[in-house]
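Under the numbering used here, think of the first position of the sequence shown as 752, with each following residue one higher.
Quick caveat, the hints were computed from the structure, so don't treat them as lab data. All C-beta atoms, glycine included, are put in the ideal place defined by N, C-alpha and C. Treat the hints with caution; some may be incorrect.
Stated by the list, open to error - Pairs of lysine-lysine residues, derived as DSS-like cross-links and limited to a Cα-Cα distance of at most 30 angstroms, are as follows: (1) K869 / K803; (2) K824 / K869; (3) K803 / K933; (4) K803 / K816.
Said to hold, decoys possible - The following label-pair restraints were derived from C-beta to C-beta distances: (5) Y924 / H842: 26 to 32 angstroms; (6) K852 / P828: 38 to 44 angstroms; (7) K817 / V865: 33 to 39 angstroms; (8) K852 / V813: 34 to 40 angstroms; (9) P834 / E922: 21 to 27 angstroms.
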Amino acid sequence: MEIGLNSMKKFIALLFFAPILSMAQNKQDSVWLPLKFMIGKWRGTSEGQPGKGTYERSYELVLNKKFIEVKNKSTYPPSKDNPKGEVHEDHGFISYDKGRKSFVLRQFHMEGFVNQFKNESISPDGKTIVFLSESIENIPAGFRAKETYQVISENEFIETFELAEPGKDFELYSKATLKRVK
């Protein structure tokens, strides 16, 4: 069987480019190492200003692994302090900003809020990750927000969400413990 010149060129090109493409993919995958524990489906409970509630959340690598898509639903049953109860949904994306060498989290809330957070820190052991708000749309000027993820294990983490009114310190809004379901 005779191999044609075009086939030989394609084979040589494949041999040359395959390692380069593989290295590029490995580099893209390694960007997500500090947040890789998040990938999957989670359920949990929370407490805080809205009351005691339940969470359903997912984190998924999307769009050629360039983003992590976040889908969240929090349900708070009626209580003394919140007689109507509450269902909250938000969707978001985490990206990696190469220029700033930082993760950026953008959340879109059903109430119309849009939060943009920048990763402030990741502890040396990778078990505490902090995001601080850079901007919050559709809320009075000067409000700030902070999200902290504390990794308990590969199957459990605690998320603390804090808000600060203009000129004030952060106060706990909600604290959720999430466990992996998939």
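Against the structure, the hints come out as follows:
| no. | hint | in the structure |
| --- | --- | --- |
| 1 | K869 / K803 | holds (28 angstroms) |
| 2 | K824 / K869 | holds (22 angstroms) |
| 3 | K803 / K933 | holds (24 angstroms) |
| 4 | K803 / K816 | violated (34 angstroms) |
| 5 | Y924 / H842: 26 to 32 angstroms | violated (19 angstroms) |
| 6 | K852 / P828: 38 to 44 angstroms | holds (42 angstroms) |
| 7 | K817 / V865: 33 to 39 angstroms | violated (20 angstroms) |
| 8 | K852 / V813: 34 to 40 angstroms | violated (22 angstroms) |
| 9 | P834 / E922: 21 to 27 angstroms | holds (23 angstroms) |
Violated hints for the displayed structure, listed by number in ascending order: 4, 5, 7, 8.
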